[in-house]
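Residue numbers (the numbering used here), protein chains in the order written: chain A, 1 to 308; chain B, 1 to 291; chain C, 1 to 294.
One or more hints might be untrue.
[To be verified] Computed cross-link-like contacts, SDA-like style, restricted to lysine to any residue with a CA-CA straight-line distance of at most 20 Å:
1) B:Lys267 / C:Lys50
2) C:Lys4 / A:Trp209
3) B:Lys267 / B:Val279
4) C:Lys92 / C:Arg174
It should be emphasised that the hints constitute simulated quantities derived from the structure, not laboratory data.
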Amino acid sequence: MDNEKLKRELFRPSKAAKQERRGKFISFSALALIVVAVSAIILFVTMKGLAAFTQNHVNVIDFFTGRDWNPSVKGANGQPEAGALPMITGSFLVTIFSALLATPFAIGTAIFMIEISPKRGAKILQPVTELLVGIPSVVYGFIGLMVVVPTVRTLFGGSGFGILSGTLVLFVMILPTVTSMTADALRSVPRYYREASLALGATQWQTIWRVILRAATPGILTAIVFGMARSFGEALAVQMVIGNAALMPTSLVSPSSTLTSVLTTGMGNTVMGSLQNNVLWSLALVLLLMSLLFNLIIRLIGKKGAMK
Amino acid sequence: MTAKTWRRLIIASVIGILTLTAYTTRQVGHAGESVTAVGSTALQPLIEAASEQYTSEHLGTFISVQGGGTGTGLSQIQEGAVEMGDSDLFAAEQKGIRANTLVDHKIAVVGITPIVNAKVGIKNISQADLIRVFTGKVSNWKQVGGRDVPVVILNRAQGSGTRATFEKWALNGQQSVASQEQDSSGMVRQIVASTPGAISYVAFSYVNGGVQPLSIDHVQPTDRNVTTNRWPIWSYEHVYTQKHPKPLTRQFVKYLESHEVQSTLVKQLGYLSPNEMKVERDAAGHVTEVK
Amino acid sequence: MNAKTSNKIAVATLYLIALIVVLILLSLLGYILYNGVPVISWHFLTAPAKAFTAGGGIGIQLFNSFYLLILSMLICFPIALGAAIYLNEYAKQNWVTALIRNAIEILSSLPSVVVGLFGFLLFVVYFGLGFSILSGAIALTFFNLPLLTRTIEDSLSAIPDAQREGGLALGLSRWETVTKIIVPAAVPSIITGVILSAGRVFGEAAALIYTAGQSAPALNFADWNPFNISSPLNPMRPAETLAVHIWKINSEGIMPDAKAISSGSSAVLVIAILLFNFAARFIGRRLYKRLTSS
Numbered sequence: 001m002d003n004e005k006l007k008r009e010l011f012r013p014s015k016a017a018k019q020e021r022r023g024k025f026i027s028f029s030a031l032a033l034i035v036v037a038v039s040a041i042i043l044f045v046t047m048k049g050l051a052a053f054t055q056n057h058v059n060v061i062d063f064f065t066g067r068d069w070n071p072s073v074k075g076a077n078g079q080p081e082a083g084a085l086p087m088i089t090g091s092f093l094v095t096i097f098s099a100l101l102a103t104p105f106a107i108g109t110a111i112f113m114i115e116i117s118p119k120r121g122a123k124i125l126q127p128v129t130e131l132l133v134g135i136p137s138v139v140y141g142f143i144g145l146m147v148v149v150p151t152v153r154t155l156f157g158g159s160g161f162g163i164l165s166g167t168l169v170l171f172v173m174i175l176p177t178v179t180s181m182t183a184d185a186l187r188s189v190p191r192y193y194r195e196a197s198l199a200l201g202a203t204q205w206q207t208i209w210r211v212i213l214r215a216a217t218p219g220i221l222t223a224i225v226f227g228m229a230r231s232f233g234e235a236l237a238v239q240m241v242i243g244n245a246a247l248m249p250t251s252l253v254s255p256s257s258t259l260t261s262v263l264t265t266g267m268g269n270t271v272m273g274s275l276q277n278n279v280l281w282s283l284a285l286v287l288l289l290m291s292l293l294f295n296l297i298i299r300l301i302g303k304k305g306a307m308k
Numbered sequence: 001m002t003a004k005t006w007r008r009l010i011i012a013s014v015i016g017i018l019t020l021t022a023y024t025t026r027q028v029g030h031a032g033e034s035v036t037a038v039g040s041t042a043l044q045p046l047i048e049a050a051s052e053q054y055t056s057e058h059l060g061t062f063i064s065v066q067g068g069g070t071g072t073g074l075s076q077i078q079e080g081a082v083e084m085g086d087s088d089l090f091a092a093e094q095k096g097i098r099a100n101t102l103v104d105h106k107i108a109v110v111g112i113t114p115i116v117n118a119k120v121g122i123k124n125i126s127q128a129d130l131i132r133v134f135t136g137k138v139s140n141w142k143q144v145g146g147r148d149v150p151v152v153i154l155n156r157a158q159g160s161g162t163r164a165t166f167e168k169w170a171l172n173g174q175q176s177v178a179s180q181e182q183d184s185s186g187m188v189r190q191i192v193a194s195t196p197g198a199i200s201y202v203a204f205s206y207v208n209g210g211v212q213p214l215s216i217d218h219v220q221p222t223d224r225n226v227t228t229n230r231w232p233i234w235s236y237e238h239v240y241t242q243k244h245p246k247p248l249t250r251q252f253v254k255y256l257e258s259h260e261v262q263s264t265l266v267k268q269l270g271y272l273s274p275n276e277m278k279v280e281r282d283a284a285g286h287v288t289e290v291k
Numbered sequence: 001m002n003a004k005t006s007n008k009i010a011v012a013t014l015y016l017i018a019l020i021v022v023l024i025l026l027s028l029l030g031y032i033l034y035n036g037v038p039v040i041s042w043h044f045l046t047a048p049a050k051a052f053t054a055g056g057g058i059g060i061q062l063f064n065s066f067y068l069l070i071l072s073m074l075i076c077f078p079i080a081l082g083a084a085i086y087l088n089e090y091a092k093q094n095w096v097t098a099l100i101r102n103a104i105e106i107l108s109s110l111p112s113v114v115v116g117l118f119g120f121l122l123f124v125v126y127f128g129l130g131f132s133i134l135s136g137a138i139a140l141t142f143f144n145l146p147l148l149t150r151t152i153e154d155s156l157s158a159i160p161d162a163q164r165e166g167g168l169a170l171g172l173s174r175w176e177t178v179t180k181i182i183v184p185a186a187v188p189s190i191i192t193g194v195i196l197s198a199g200r201v202f203g204e205a206a207a208l209i210y211t212a213g214q215s216a217p218a219l220n221f222a223d224w225n226p227f228n229i230s231s232p233l234n235p236m237r238p239a240e241t242l243a244v245h246i247w248k249i250n251s252e253g254i255m256p257d258a259k260a261i262s263s264g265s266s267a268v269l270v271i272a273i274l275l276f277n278f279a280a281r282f283i284g285r286r287l288y289k290r291l292t293s294s
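Turn these sequences into a full structure, and let the hints steer you where they fit.
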């Protein structure tokens with residue numbers, strides 16, 4: 001009898017084990033919730049985005065290679081003019097250029113903040129960068145319109161609206177995000193890496209270049225992906241300075257457009273379920289696929305560059 | 001029970017009691033009286049101002065006025081998701097809308113004028129030249145009597161009511177060339193004011209010192225010329241409802257059409273009242289004189 | 001070139017880069033504050049907005065911004081924390097986890113107008129929440145979860161494994177180790193993540209236009225019963241935030257002082273974020289001390 005009781009006592013899960021199970025369950029449900037949310041939105045965009053091809057019979061190849069965007073008009077071949085190539089090109093160009101421009105600045109600043117002058121970094125740079133993340137994109141766009149566009153116009157000619165202005169505005173916009181995430185990545189490199197390297201006689205720069213940056217590569221790549229994601233998905237600010245014309249960019253200062261800028265301007269003016277509206281959702285789907293592509297590329301690079 | 005559990009229990013019950021008290025002491029009686037208007041951002045300020053006046057006179061009613069664009073307004077009223085759909089266009093002009101299922105209420109008339117950057121150097125343009133400019137056949141302002149500045153065309157977004165009206169009545173139905181686009185009047189005005197050689201079009205109420213409105217064939221863009229249709233570039237601002245709207249919707253639309261709103265708010269916001277018009281226009285564009 | 005010289009050159013370059021970035025960022029802030037601060041007055045901060053006459057304020061919008069921020073953080077933070085804990089502490093590092101991570105990151109690149117329309121069709125129309133703070137907060141949750149989850153996960157993974165081993169060696173369960181040791185140690189960088197996403201909430205416009213709406217009905221600040229429609233606390237009322245207000249007056253505003261209001265609002269937004277950052281840092285530091293030293 002007593003044996004039975006003892007056995008029960010011993011086999012009963014302890015309080016900590018119960019807590020453990022509960023904790024695991026709670027955190028798992030949080031993740032499950034996110035997965036549900038993500039799949040819901042991805043499914044939603046995919047379904048809406050495919051409607052133009054399945055219901056309105058827009059030719060997929062024409063969509064990706066066509067250069068005329070005027071979905072309410074039928075083109076010469078009897079198909080609606082829904083060529084998204086100009087926007088795809090525009091989105092690609094501004095995203096890549098702004099990331100190329102922002103990355104060295106962001107990494108440099110982050111290194112400065114963490115490795116070279118942590119005090120000044122923490123006092124000035126960090127608060128300023130965090131402050132700028134919260135400025136609405138309308139304000140960025142407005143400043144771009146007042147300052148960047150006229151400057152570009154006087155320096156490079158044209159109307160000032162175009163890829164270059166878009167890139168510059170996006171550069172400033174994503175700089176805070178990339179910088180502060182890069183700084184986090186550098187901060188999480190264990191201290192003994194630095195100590196070991198310095199003890200081996202390496203200079204500060206050698207330590208930074210050969211050890212810290214290598215160790216932080218995955219984190220830095222995440223930062224860049226997020227920065228690119230932001231410039232990719234940014235609409236209001238870019239729309240104000242890029243000119244928003246569905247034309248193939250012929251130079252860095254010719255008016256062009258991005259997927260998001262066309263999407264945002266068109267969404268409110270079209271009727272849900274109509275062809276004009278469906279092709280806009282197709283643009284959103286393209287956006288989704290392209291960010292998937294970006295992600296994969298960056299991950300591949302990250303795998304190669306990471307410290308073994 | 002430990003002190004911690006007690007504390008939690010007490011906090012939980014305090015919150016519970018507070019919520020319950022709040023719920024039981026809430027204002028009851030007008031719970032169902034709320035309607036939503038969605039659509040045209042151009043019309044939003046007017047409806048919003050009118051709804052503020054209306055709800056302050058009829059306590060307990062609640063009118064939520066949102067923008068979202070003409071397309072959103074019409075699709076949502078068609079779906080029955082909202083009570084009022086604000087539109088810059090006749091429902092029949094918008095693709096994908098079954099106009100006969102909706103009831104049209106013309107709340108205001110808006111005149112639209114071409115505007116150019118002040119340094120272009122012209123104040124008048126012939127309609128033929130205007131069409132040539134917007135169809136891309138003129139690349140420099142000196143070809144139509146202005147200064148030596150390249151033409152920069154700025155359009156409203158495809159599907160925008162202002163653009164549709166402008167293309168229909170100023171360009172005689174011709175489509176503008178692919179060009180820069182913006183989706184709001186404020187941005188258009190801002191860009192035209194700051195970009196050399198820029199041309200676009202806005203509603204009369206958005207014209208200010210920074211931009212130069214153009215006369216067409218020496219007809220000036222004035223309210224008076226709109227009422228007689230000498231200036232043909234104008235459109236109605238519509239509020240669409242379902243065929244059998246809620247009582248509050250019906251009353252509010254009636255209020256919008258009343259003399260009280262038409263003679264004050266409509267004017268103050270820079271619109272014309274449909275009552276002043278000496279002509280009438282239908283969805284197909286036929287103009288008839290009002291007797 | 002020997003190692004010492006190249007070290008000097010590199011460090012000098014880093015100084016230069018940091019200086020340029022500081023200059024860019026400060027001039028941006030300076031531009032906003034210089035244009036906006038002269039507009040700010042007590043009246044401006046408290047008065048309701050005017051539709052078409054001069055002299056409107058941003059009182060309601062300012063309150064809405066804060067309320068929406070708090071509400072969306074209440075929904076968002078626990079989910080992000082839980083998910084980050086699971087991803088970092090429990091999940092096996094296999095392709096499923098990698099897939100989930102990728103999906104989360106992709107979500108963050110969706111333009112906010114798509115998130116807004118998704119929220120509009122699903123919450124506003126389908127679930128019948130209407131244009132309300134609640135719809136807005138849920139849409140922002142969708143928008144914010146990726147960044148927040150990712151930053152929290154990063155800050156958790158930055159805690160050395162020695163701490164985990166220490167906790168387990170003391171006989172604590174994994175969950176206890178996480179909640180009592182790892183999370184407290186990660187508080188400072190979690191706070192950074194919260195501040196970053198709070199900034200996005202403050203500055204977001206496109207996702208809110210279709211969900212929280214763009215009208216700010218008059219509020220009765222004497223009525224704090226959340227079930228009344230004119231109460232500031234009612235989560236079911238439409239609520240235009242400051243960023244949406246800036247967007248609105250820039251696009252279709254016809255009040256004569258639209259430009260002044262827009263610059264003033266931007267400056268207020270910057271100052272509000274500044275205050276929020278200070279508060280969050282302060283609370284974070286207190287929390288960190290309390291959780292780690294006692």
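Structure-based check of all given hints:
no.: 1; hint: B:Lys267 / C:Lys50; result: holds (16 Å)
no.: 2; hint: C:Lys4 / A:Trp209; result: holds (14 Å)
no.: 3; hint: B:Lys267 / B:Val279; result: holds (19 Å)
no.: 4; hint: C:Lys92 / C:Arg174; result: holds (15 Å)
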